[in-house]
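Colleague: Okay, here's what each chain looks like letter by letter:
Protein chains: 2
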Amino acid sequence: MPTIAVIAPGAMGSAIAGRLVAGGARVLTVLDGRGAASRARAEAAGMADAALDEIAGSDLILSIVPPAEAAALARRLAPALAAAPKKPVYVDLNAVSPETVAGIAATVAGTGAPFLDGGILGHPPKPGTKGPRVYVSGDQTGPALVLRDLGLDLRVCPGGVGAASSLKMSYAGLNKGLTALASLMILAARRSGAEAALLAELAENEPALLARFAKGLPDMVPKAYRWAPEMEEIAGFLGPDAAGREVFEGFSRLYARLAAEPGAEETAALTAFAEAAAGRT
Amino acid sequence: MPTIAVIAPGAMGSAIAGRLVAGGARVLTVLDGRGAASRARAEAAGMADAALDEIAGSDLILSIVPPAEAAALARRLAPALAAAPKKPVYVDLNAVSPETVAGIAATVAGTGAPFLDGGILGHPPKPGTKGPRVYVSGDQTGPALVLRDLGLDLRVCPGGVGAASSLKMSYAGLNKGLTALASLMILAARRSGAEAALLAELAENEPALLARFAKGLPDMVPKAYRWAPEMEEIAGFLGPDAAGREVFEGFSRLYARLAAEPGAEETAALTAFAEAAAGRT
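In the order they appear, the protein sequences are chains R and B.
If you use the numbering used here, the first sequence corresponds to residues 1 to 281, in order.
If you use the numbering used here, the second sequence corresponds to residues 282 to 562, in order.
Calculated directly from the structure, the hints in this document are not laboratory data.
Note that CB positions come from ideal geometry on N, CA and C, so glycine has one too.
Among the hints, erroneous ones may be present.
Stated by the list, open to error - Here are a few chain B residues that sit away from chain R, every Cβ distance over 10 Å (derived from the structure):
id, residue
1, Asp313
2, Ala317
3, Ser319
4, Asp340
5, Gly443
6, Asn456
7, Ala461
8, Ala477
9, Asp500
10, Arg526
Stated by the list, open to error - If the Cβ cut is set under 8 Å, some of the chain R residues that face chain B in the computed set are:
id, residue
11, Glu69
12, Val161
13, Gly162
14, Ser166
15, Leu199
16, Ala203
17, Ala243
18, Gly244
19, Leu254
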């Protein structure tokens with residue numbers, strides 16, 4: 001029975017873990033310092049709490065954390081990895097830029113453990129669904145193939161460390177950028193009294209986009225707080241493209257504003273637009 | 282027979298004029314200072330060259346020019362409008378911000394001529410198609426309804442001067458912003474070697490978006506030079522929304538870059554992606 005460490009037991013991590021447990025794996029995680037919701041998710045998914053040296057004794061370590069914590073997790077695990085007699089493969093599955101990945105890869109390389117880049121595209125797996133695509137890239141992706149036997153939709157992205165993260169950044173940038181763009185235009189139409197006309201135009205001439213907004217806007221609202229730093233990572237990914245950096249810094253600023261607005265007027269307006277849109281599609 | 286002035290005979294203006302002529306209107310334009318292509322388009326559409334005082338004697342004047350020229354056109358026509366014994370209705374159909382529209386409205390108000398705000402959503406009319414939606418807004422939209430009898434898909438946008446422009450800005454911002462966003466992510470994936478993986482992901486999981494890009498990217502390339510200032514207008518439209526302004530300033534910078542790139546590497550890459558996408562959808 002393979003032992004897979006999944007850190008942390010967030011919404012995505014615990015859902016991935018649940019699928020691996022159902023597929024026959026022993027799944028470890030770190031509950032030290034986590035709150036009640038994480039502990040409940042971990043228990044429901046069948047994850048076992050473990051100390052860092054036990055984590056370092058796994059076959060694979062899957063890092064699934066908010067982007068801003070990805071590098072810190074690698075540094076936190078590094079001493080245990082360095083001390084481990086048999087090294088696990090460290091797989092970073094986070095929405096981080098290839099530059100951030102390179103730093104994490106360097107941290108892991110210093111411990112002697114093999115490293116794979118990765119990215120998760122799609123929503124957390126639910127019973128009855130195939131689940132998200134889990135891409136990995138790197139020199140030796142073979143050890144990750146066990147995840148496919150355990151029930152994940154594992155795919156190898158050609159191109160070495162950085163390629164899977166680039167794919168994730170591009171895909172997430174399109175999807176979450178489109179939701180940000182829709183939010184900007186709906187809010188602007190609302191400020192100038194053209195919101196109903198915009199809804200009618202989209203219903204008539206862009207029904208596929210409108211259906212997407214009907215679902216995507218309410219889905220975004222509770223996640224805006226973590227999409228803001230993810231947009232910053234994508235701005236970093238865009239590197240030499242100054243125009244693209246400007247666009248994603250704007251998206252980040254928008255999501256931060258929506259996450260923080262005291263009266264929730266804008267998020268309420270977007271949710272109401274989505275409800276009206278759902279009635280038109 | 283109503284007399285409609287359409288300025289200028291660009292791709293949109295001449296196509297609108299052709300439809301009005303087919304519908305039974307006499308259509309005037311100003312060819313003074315225009316090049317051979319404009320003259321050829323005007324002739325093909327059945328537009329007649331006219332002096333400014335003749336233009337001011339029309340029933341309606343439709344301003345259809347690049348956004349940066351909209352205010353200048355109103356100033357250029359103002360003396361003739363002020364001198365006209367019977368005032369035509371001046372309809373600004375350009376992709377300009379409500380703030381720019383307010384300035385144009387003030388110029389026209391000074392001549393005593395009635396003013397309507399407007400916006401064109403969709404592509405130039407072609408034989409056999411219904412054509413774009415032509416929205417007008419303002420206090421008295423009645424005189425514009427003759428355009429419907431003449432074959433245009435004329436619609437009244439509630440909300441007074443500024444509402445039709447707001448609708449146009451919101452709709453154009455969504456459409457042209459989405460094409461800019463796709464360009465940014467495709468070019469970034471290409472720089473990091475993940476372009477083929479992104480194409481495969483979109484073909485599998487976002488076929489409607491990919492089909493849109495297959496058509497939208499090649500359509501954008503020859504228009505990027507005028508989309509750049511249009512994105513600036515939309516940034517102005519976003520007014521108090523600093524995040525939105527940042528996003529559309531980035532889009533403007535992108536389109537300016539694509540319009541100006543000496544070796545055309547990026548536009549060639551986007552066209553090639555669109556061709557590959559067309560083969561997958």
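Colleague: For each hint, tell me whether it holds in the structure or not.
Modeller: Evaluation of the provided hints:
1. Asp313: holds, 36 Å
2. Ala317: Ala317(B) clear of chain R: closest Cβ-Cβ about 34 Å, beyond 10 Å.
3. Ser319: holds, 29 Å
4. Asp340: Given that every Cβ of chain R is farther than 10 Å from that of Asp340(B), nearest at about 26 Å, it holds.
5. Gly443: violated, 6 Å
6. Asn456: Violated, because the least Cβ-Cβ distance between Asn456(B) and chain R comes to about 8 Å, which does not exceed 10 Å.
7. Ala461: violated, 7 Å
8. Ala477: For Ala477(B), whose nearest Cβ neighbour in chain R is about 8 Å away, the distance does not exceed 10 Å, so it is violated.
9. Asp500: Asp500(B) clear of chain R: closest Cβ-Cβ about 15 Å, beyond 10 Å.
10. Arg526: violated, 8 Å
11. Glu69: It is violated, given that the least Cβ distance between Glu69(R) and chain B is near 23 Å, above 8 Å.
12. Val161: violated, 11 Å
13. Gly162: holds, 6 Å
14. Ser166: holds, 4 Å
15. Leu199: violated, 10 Å
16. Ala203: Given a least distance of 12 Å, the restraint on Ala203(R) is violated.
17. Ala243: Holds - the Cβ of Ala243(R) comes within 8 Å of chain B, reaching about 4 Å at its closest.
18. Gly244: OK, holds: Gly244(R) within 8 Å of chain B, min 4 Å.
19. Leu254: holds, 4 Å
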